[in-house]
Amino acid sequence: KMVHAAPNTSSNIVAKSVARGGGRSAYRGLVHVYPNASGSANNVLCDALLVDNHSRSDT
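For the sequence shown, the residue numbers in my numbering are 3 to 61.
Check the hints yourself; a few may be wrong.
[Said to hold, decoys possible] Cβ pair distances, simulated, as ranges:
#: 1; residue 1: Arg58; residue 2: Pro9; range: 37 to 47 Å
#: 2; residue 1: Ser13; residue 2: Asp60; range: 18 to 28 Å
#: 3; residue 1: Ala28; residue 2: Val5; range: 16 to 26 Å
#: 4; residue 1: Ile15; residue 2: Ser40; range: 36 to 46 Å
#: 5; residue 1: Val20; residue 2: Gly41; range: 34 to 44 Å
#: 6; residue 1: Ala7; residue 2: Asn55; range: 42 to 52 Å
#: 7; residue 1: Asn44; residue 2: Ser19; range: 34 to 44 Å
#: 8; residue 1: Thr61; residue 2: Ser12; range: 14 to 24 Å
#: 9; residue 1: Gly23; residue 2: Thr61; range: 18 to 28 Å
#: 10; residue 1: Val53; residue 2: Val5; range: 25 to 35 Å
#: 11; residue 1: Ser40; residue 2: Val16; range: 22 to 32 Å
These aren't lab readings, by the way, just hints derived from the structure by calculation.
Using N, Cα and C, we set each Cβ at its ideal position, and we do this for glycine too.
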C-alpha cells in the first residue's frame, strides 16, 4: 500500500513472485493519492515467473 498525502511526492513499488506446481501468485497493491497531493507520481512494476503451464499470475 502506498499513500501520497502531500503534493509533489513520488513512489516506486516493485513486486516479484514465482509460481510453480499449479500455484497462483497475486498482486493486490493499492496506491491512494489524496486530493491535496497534486503533482504526485507513482510507478508500479510487477514481475511474475511462471515455472510451468499450470501456474498463473493475477496482477
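Going through the earlier hints one by one, which of them does the structure break, listed in rising order?
-> 4 and 7
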